[in-house]
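*Asks:* Sequence:
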Amino acid sequence: MTGEKACLVTGGAGFIGRHLVTQLVADGHRVRVLDIVTNGQFDKSVEFFQGSITDSDCVRAALSDIDVLYHVAGNPNLWLPDKTRFGLINCHGTDVVLREAGRFELERIVFTSTESILIGKKPEPGSVVDETVRRKLRDMPGAYCRSKFRAESIAFEAADRGQPVVIVNPTLPVGPGDLSITPPTRMLLGFLNGKHPAFLECLLNMNDVRDIARGHILAAEKGRIGERYILGHENIHLSDLLKLLEELTGLQMPKRKVPYWLAYVVATIDEAVSDWITGKPPRAPLTGVRLAGTEAILDSSKALTELGVPHRPIVESLTDSILWLSQMGYTSRPMPKLTA
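Each residue of the sequence shown is one higher than the one before, starting from 1165 at the first, in the numbering used here.
Keep in mind the hints are simulated off the structure, nothing from the lab. Just so it is clear, CB atoms sit at the ideal spot from N, CA and C, and this is done for glycine as well. Worth double-checking, as some hints may not be accurate.
Claimed, not checked - Ranges of calculated distance between the beta carbons of each label pair, as one might list FRET restraints:
| id | residue 1 | residue 2 | range |
| --- | --- | --- | --- |
| 1 | R1325 | K1208 | 35 to 41 Å |
| 2 | P1361 | S1228 | 50 to 56 Å |
| 3 | G1251 | L1426 | 29 to 35 Å |
| 4 | R1476 | K1501 | 19 to 25 Å |
| 5 | L1343 | Y1424 | 29 to 35 Å |
| 6 | S1209 | G1414 | 38 to 44 Å |
| 7 | P1245 | K1386 | 38 to 44 Å |
| 8 | P1498 | P1361 | 42 to 48 Å |
| 9 | R1350 | G1167 | 15 to 21 Å |
| 10 | T1248 | Q1205 | 28 to 34 Å |
| 11 | R1350 | S1209 | 27 to 33 Å |
Using the sequences provided together with the hints, build the complete structure.
*Replies:* Spelled out as structure tokens, the structure:
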């Protein structure tokens, strides 16, 4: 972005949001955050609005005198005890934010979607997924994905109305500073703490959260209105990721693979118990198992060629994430190979 801009980041206290705020400040922009929580450790120059994206008055106030809007806020969990929360936050919240944004002459709006809605339930093994993929609501593997699918549809509709909306679809973010312990970090912690004696083989696409944040900024600067950009990096099988974690930490990782059918049955039962009895998160959300059952290869070359999104080595991202988790006291096993 040329010159200093006034930027609003919804969800600025979240994992991606906090890194985005940090980079915007470092780039010399004026930054305002709208979030319901206050656990973000922001630069003193950051203006903080505490409030919900479902509150139109609060959103309107936060948008005053803003040039660029980054709508990052959303619920990233794959399971919630109250499923209506997905629709309330991810769908209704997005509708409120974009309709209120329509009252202002904004230069750019960057909407944070997700790669999971591009995959759907069961693409052909080895199929390449890029931004041209168009799924239907019935293809979505769970409530979270359905809510994000609807939210992205709202963003496309806003672009069709003439609003300067650019959509980004981050893959699994990894790196330091995940205060909320989002699903990718939760998965990583499970392996580091020895809580998973076996694993379901799957193909993951991981990207450094700092590069994802930079991708948002580049989308505002260079992204084409009404287009989506996958902010991804390496496609890696979980078995190869576990080998890498073992090499980095010296910890023994599980070697036993669970067949998909067994993981699906266990997840179905586990989630039913969570829904109807305990109210506590299941060990493996059914949506996650369904997504793991795909072998789609995500192609993020569009973001690389059009936006120039940086890609740091996945080893660096994992190392920084593990060191941060260890320093914060989240890890329970000593890691003989990893030193700060």
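*Asks:* With reference to the structure, classify each hint as holding or not holding.
*Replies:* Do the hints match the structure? See the list:
1. Taking the beta carbon of each, R1325 and K1208 are about 37 Å apart, inside 35 to 41 Å as hinted.
2. At about 53 Å, the beta-carbon gap between P1361 and S1228 stays in the expected band of 50 to 56 Å.
3. At roughly 31 Å, the beta carbons of G1251 and L1426 sit within the given window of 29 to 35 Å.
4. Take R1476 and K1501: their Cβ atoms lie about 20 Å apart, and the range 19 to 25 Å holds.
5. Between L1343 and Y1424 the C-beta distance comes to about 33 Å, which sits within the given range of 29 to 35 Å.
6. For S1209 paired with G1414, a C-beta distance near 41 Å keeps the hint of 38 to 44 Å intact.
7. P1245 and K1386 have their C-beta atoms about 41 Å apart, which keeps the hinted 38 to 44 Å range intact.
8. Between P1498 and P1361 the Cβ separation comes to about 19 Å, which falls outside the hinted range of 42 to 48 Å.
9. Against the hinted window of 15 to 21 Å, the Cβ-Cβ separation of R1350 and G1167 comes to about 40 Å, which falls outside the hint.
10. Taking the beta carbon of each, T1248 and Q1205 are about 31 Å apart, inside 28 to 34 Å as hinted.
11. In this structure the supplied range 27 to 33 Å holds for R1350 paired with S1209, their Cβ-Cβ distance being about 32 Å.
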